[in-house]
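Q: Spelled out from the first residue to the last, the chains are:
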Amino acid sequence: MPTDLLYGAEVVLNGLMAGVLYALVALGFVLIYKASGIFNYAQGVMALFAALTLVGIMEGQVPFSHLINATFGTNIHHFGWHVPAFAAILLTLAVMVGFAYLVQRFVFRHLVGQEPIILFMATIGLAYFLEGVGDLMWGSEIKKMAVGLPQGGSLWVEENTQWLGFGNEDFYGFFIDKLDMVATVIAVILVLALVAFSQYTKQGRAMRAVADDHQAALSVGVSLNFIWILVWSLAGFVALVAGIMWGAKSGVQFSLSLIALKALPVLMLGGFTSIPGAIVGGLIIGVGEKLFEFSFGPMLGGATENWFAYVLALIFLVFRPQGLFGEKIIERV
Amino acid sequence: MLDQADGYMTADGRQIGPVVMEMKNITLRFGGVEAIKNISFDIREGEVRAIIGPNGAGKSSMLNVISGFYVPQDGQVLYKGVQRPQMRPYQVAQQGIARTFQNIALFEGMSVLDNVMTGRLTHMKTGMFSQALWKGRAEKEETANREVAERIIDFLEIQAIRKTPVARLPYGLKKRVELARALAAEPSLLLLDEPMAGMNVEEKEDMSRFILSMNDEFGTTIALIEHDMGVVMDLSDRVVVMDYGKKIGDGTPDEVRNNQAVIDAYLGVVHDE
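Residue numbers (the numbering used here), protein chains in the order written: chain R, 1 to 333; chain Z, 1001 to 1273.
Honestly, the hints are just simulated from the structure, not real lab data.
Among the hints, erroneous ones may be present.
Below 20 Å or equal to it, Euclidean Cα-Cα: the simulated SDA-like pairs (lysine to any residue) are [as the list claims (entries may be wrong)]:
hint, chain 1, residue 1, chain 2, residue 2
1, Z, K1125, R, Y200
2, Z, K1174, R, H214
3, Z, K1163, R, L67
4, Z, K1140, R, G8
5, Z, K1174, R, D213
6, Z, K1163, R, P321
7, Z, K1163, R, R208
Here are some chain Z residues pointing at chain R (derived, C-beta under 8 Å) [claimed, not checked]:
hint, residue
8, P1085
9, P1089
10, Y1090
11, A1093
12, F1101
13, Q1102
14, A1105
15, E1108
Keep in mind it's a predicted model, so treat the numbers as computed, not measured.
For each residue, glycine too, the CB sits at the ideal point set by N, CA and C.
Can you make the complete structure from the sequences, with help from the hints?
A: Pasting the structure below:
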């Protein structure tokens, strides 16, 4: 097999796995948008906040330690214990559920029936508020996400794909990040679980009902408040998973919140209302930008990954504004 | 008339039970406008109760008060003899009061069957976690609920469109699906807001037939709003007549038909200057 084709295949594989990570973030957007029509700008910050909280709990950091020390003149930073990863994940999940409750109770409950743009503005406010709270609670240093996820390239894949080169000296087998593989598996499980939840459980059915028509949902006995808290909790859970994956990849730092911007083109491509759309959109963007960089990057001076996704999304917007899987916009006259 | 506490027997031999829902001195205001002015009436178990009146009489507002979508400024709502505290609409639904809407509120993206199944939500007991962990019980419950839904789909003759997304259905069928969803809740009181609005004669006849046999076969208590006097008179056991937010008549169709205030409201009256 020619070497170029092999490299191309490797690029596609890596693109697919990067796409999974984009899809993870996009998924959180879709969940909230479907159920409440809110475009949640804060999704990226939620991922950051979840990651910060997880690391903070694991390391036994004292929350708000700077504030406490400054107020009382003390000097405490650590409880002096370490929480095992699994327990810390559960605790973080509880924090995200609490966050969902507070958001619903103090923000969106008071904005029911408002214009979408108002709700969107509220989530922008929420994003910066949460970023500030994250900083205040856990500090702004870059931290390591040490939840025991494998790092580095997979030797196994490399050794077992070497034969594809058919004696070609330059080919050492595919290089695939172990973390990306784990992320893929987790994303698949997560999506299957979400689909099963929304299709086959009482709460899932109620969730779909609320997403479709508020009045009708009320008339069949569904509490909008409860469903919205549930949806924000689910989005918090997805944010936690995305936060762990991205945190493990590039460290827990405040630029993590910018991954939300990467999810935007994914959503334009896949449609804001479709879970499968988020996945497929993520994969297309992941593969597309890697392939583009691989084949045209050198010509254009590189770093095409920064803008390629947005151009692709723009082209899509022109020809298919509802996205690949979005609900078709039909105007009856 | 009709002061028997335990109910009475109708001419066609249906047993009408005690009072299920009692509205006492209900007043509802929107800003300075009084939509409902000090109205009292009751609904008995097993009867078809109609609320009629000209446009803007406050009929829909009354239905919205019963189903909890509007909160009256004054008056009491007594459900099954107990005074109802202020409730959210979903809590009212959980108490066993189902409704349809004048402008149809269906889950457009879901199939007909899924829509009818949402009507069973108040009957689904197993929670989120037991559904995830205890597959057997959730499955049994799902099957039982599915059976009820299918029975109602058969009853309303919409088997052929079970799997069709609601958005694709014509208006008349949507009305019927909405009725199916409300009926699926096996409500102790079913509220129908203009079930025949915008229908042609044939569709109206179908709908009337369904309402009557629903009441007859399942013993469903029904309160309905209707514009068309003729239809109402054939369907209902008792009629409340509203005009400009006031109650101007209450009784059997015959009594109401001969009530001078009602005739005036419907036909207009020459005022002496």
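Q: Each hint needs a verdict: does it hold in this structure or not?
A: So, going through the hints one by one against the coordinates:
no., hint, result
1, Z:K1125 with R:Y200, "14 Å, holds"
2, Z:K1174 with R:H214, "17 Å, holds"
3, Z:K1163 with R:L67, "59 Å, violated"
4, Z:K1140 with R:G8, "51 Å, violated"
5, Z:K1174 with R:D213, "14 Å, holds"
6, Z:K1163 with R:P321, "28 Å, violated"
7, Z:K1163 with R:R208, "17 Å, holds"
8, P1085, "16 Å, violated"
9, P1089, "4 Å, holds"
10, Y1090, "5 Å, holds"
11, A1093, "4 Å, holds"
12, F1101, "7 Å, holds"
13, Q1102, "11 Å, violated"
14, A1105, "4 Å, holds"
15, E1108, "6 Å, holds"
In the structure shown, a violation is registered for the earlier hints numbered 3, 4, 6, 8 and 13, in ascending order.
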